[in-house]
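Next come the chains, spelled out residue by residue.
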Amino acid sequence: MKEADFRDNETLELFKKSGGNILLTTVDAMIDWGRSNSIWPLTFATSCCGIEMMATGASRHDFARFGIEVYRASPRQADVIVVAGTIVNKMAPVLKRLYDQMSDPKYVIAMGACAVSGGPFYYNSYHVVRGVDHVIPVDVYVPGCPPRPEALLYGVMQLQRKIRLESMSSPRQTVELK
Amino acid sequence: MKEVIHLPVQNVEEEEYHINMGPQHPSTHGVLRLVVSLQGEIVKSLKPHCGYIHRGIEKMCEKDTYPQIIHLTDRMDYFSAHINNHAVCLLVEKALEIEVPDRVKYIRTIIDELTRINSHQLWWCSFGMDLGALTCFFYGLRDREKILDIFEESFGSRLLHSYYTPGGLMMDIHPDFQKNVKAFIKYFRKKIKDYDNLLTGNIIMQERTKGIGILTREDAINYGVTGPSGRASGFACDVRKRHPYGVYDKVEFREILGTKGDTFERYSMRMHEMLESMKIIEQLIDNIPAGDYSAKMKAVLKLPGGEYYQRVETARGELGVYVVSDGNKSPFRIKFRSPNLSNLNVLDHISRGWKIADLVAIGASMDFVIPDIDR
Amino acid sequence: MDNAVLKERILGLVPDAEYQENKQFLTFIIPPAKMHDLAFKLKSESDLAFDYLFCLTGVDMVKFLEVVYHLESTTHRHQLELKVRTEDRVNGAVDTVCDIWRTAEFPEREVFDLLGIRFNNHPDLRRIFLEEGWVGHPLRKDYIDEVNIVEF
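Protein sequences, first through last, are from chains Y, P and C. When we follow the numbering used here, the leftmost residue of the first sequence carries the number 1, and every step to the right adds one. When we follow the numbering used here, the leftmost residue of the second sequence carries the number 1, and every step to the right adds one. When we follow the numbering used here, the leftmost residue of the third sequence carries the number 1, and every step to the right adds one.
Where hints are given, some of them may not hold.
[Unchecked claim] The calculated lysine-lysine pairs, modelled on DSS-like cross-linking and capped at a C-alpha distance of 27 Å, are:
1. Lys329/P to Lys141/C
2. Lys23/C to Lys43/C
3. Lys43/C to Lys63/C
4. Lys41/C to Lys94/P
5. Lys63/P to Lys34/C
Because the hints were derived from the structure by calculation, they are not lab data. Fair warning: this is a prediction, and the values are worked out from it, not measured in the lab.
With the rest of the complex left out, here is chain Y:
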């Protein structure tokens, strides 16, 4: 992603023009900067995309330089859940439970075609959930089967841009899906 694109947030400009509270914008900017630069994911990999996620964390495409320093094994300590791999009917309640156990603010990246929409298993399968957004609300979709590590890094950068748009005066609404 180009530096100019990364820094350019039209919504942020609009908000500044519409006259938000000056005091809060600086605090917001600082908090968002902190949050976006240290997102720690949960170890969650179901199938093939999990391997590309591990490869992204390895030495060639290192995503520790983006702030993803360590993987946390427990959902209570994690910020983001990168759903890498197919979700099936039997696994869906487990995923929902993990998402509920994470503490706010939490984000979701749907990685790979299977998590986005069911992928190669869309037709003729009796046990696959067609897209993880049937179970939990998703922030960023990263398509590919499996997506290249560079694509996952682009997805993480998009998430960072999205986090920078948040503000304390309009807190992030997490939707309760029944």
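Based on the hints, put chains P and C in the right spot on chain Y.
Then chains P and C, alone, in the frame of chain Y:
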């Protein structure tokens, strides 16, 4: 002064304590749920619960044509993706009685062996990580990237290529393929010594693996444990030797058998297999015959009615593909005999009596890939 | 042992086994009641010694349900294929071979789960891949699932 009160001591009964190593756990084997019943720290029994990645591939294949099945078999055991595809291609070619060009056989064998090295490198990463040696993760993945570069140059993607097709290959290999593979072998022969220095000789690793989780030869045959885990117990089950396919009958390589069947032997088996695979590739890489990269095939493949079975040796054991055909372009019934399902069956038997930390080492040495169990 | 001698031997053990011609392996159809005894003899007799069951499959041929066993001997290197059929689609049952070849335990659970064939005397016969409360057996040819399957 306080009085000391003596409470009557009753018979303390020890109960079994069940813990759940749930579908999401930090070792990267996938979504396997183990309900382990412990007495203190000793494992009394364990029950695996599968099905958390059951995608119904066998039912889906009944609606797909034979070339389309290749894309689904890729995703079953994704570390031996090419070898899974090889099984389906060989079955279709045998049923239709098609002779593929020699060039195709050589290239398929070389790529199978590269896939095997690739899979064992990743196994080594996760084995080290499960025991706590996180450096192994970075070393193994760094070397694995070299193979993925070779694959990307020829096939277009890093993982899951669907490169084989019934009749031959999808396209010819890149002109630099041979040069890059030779450079990789030279590089990796040096690096594998680093692997030994790092992990094999480490006293902690040896204490944690020698004598743990012993599987005898009779049990290995009875439970159907194949692959490096079976060979470590002395069961000579290498399909490349017993029922050769490709050009395995023209190359020289050893089938190494162990005697003790403990975790350390299963570990050494895979390290030796990487060296044997490199030997196979060296014998073949300079002799790839020129020719077509695919035989002439019809547009629609219909297998004659009947049953067919094909066996291949993946990185984890013997994969079998059984097809019942009724003359249409899709199989009537296709079944994949998964090596990991038998290996999982034996986990209960070999981990009784060991501690829960040993269970992690045993599971890492059996090398499961869960999507292959669940298909 | 070559196939001709093996064929005579099997027919000697189970006279009403039906031999199938022109198959990849030496194939017999065995009546369900005789399967367990035959399996025990195949493993225990030293000239047969079929100690490695390498594949257990369930097939739904529309008129009947079938369980296919592929056997191999590690000492003599001969191979065999046995089929057991049942026409009862509701309560079809076959004797288990878990006590003879321990590798059969999980594949038999898989056949029960996806095709609905029960196995008598199995140590732990319950669904392996699908949830406990799943209704139906997906691999059957008459399985219809409007909710889950998206047809192409």
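Outcome of the hint check:
Of the supplied pair hints, the one linking lysine 329/P and lysine 141/C holds, its CA atoms being roughly 17 Å apart against a limit of 27 Å. Taking the CA atoms of lysine 23/C and lysine 43/C, the gap is near 23 Å; set against the 27 Å cutoff, the hint holds. Distance restraint check for lysine 43/C and lysine 63/C: the Cα-Cα separation of roughly 31 Å exceeds the 27 Å cut-off, and the hinted pair is therefore not satisfied. Straight-line distance between C-alpha atoms of lysine 41/C and lysine 94/P comes to about 33 Å, which puts the hinted pair past the 27 Å bound.
About 36 Å separates the Cα atoms of lysine 63/P and lysine 34/C, which puts this hinted pair outside 27 Å; it is violated.
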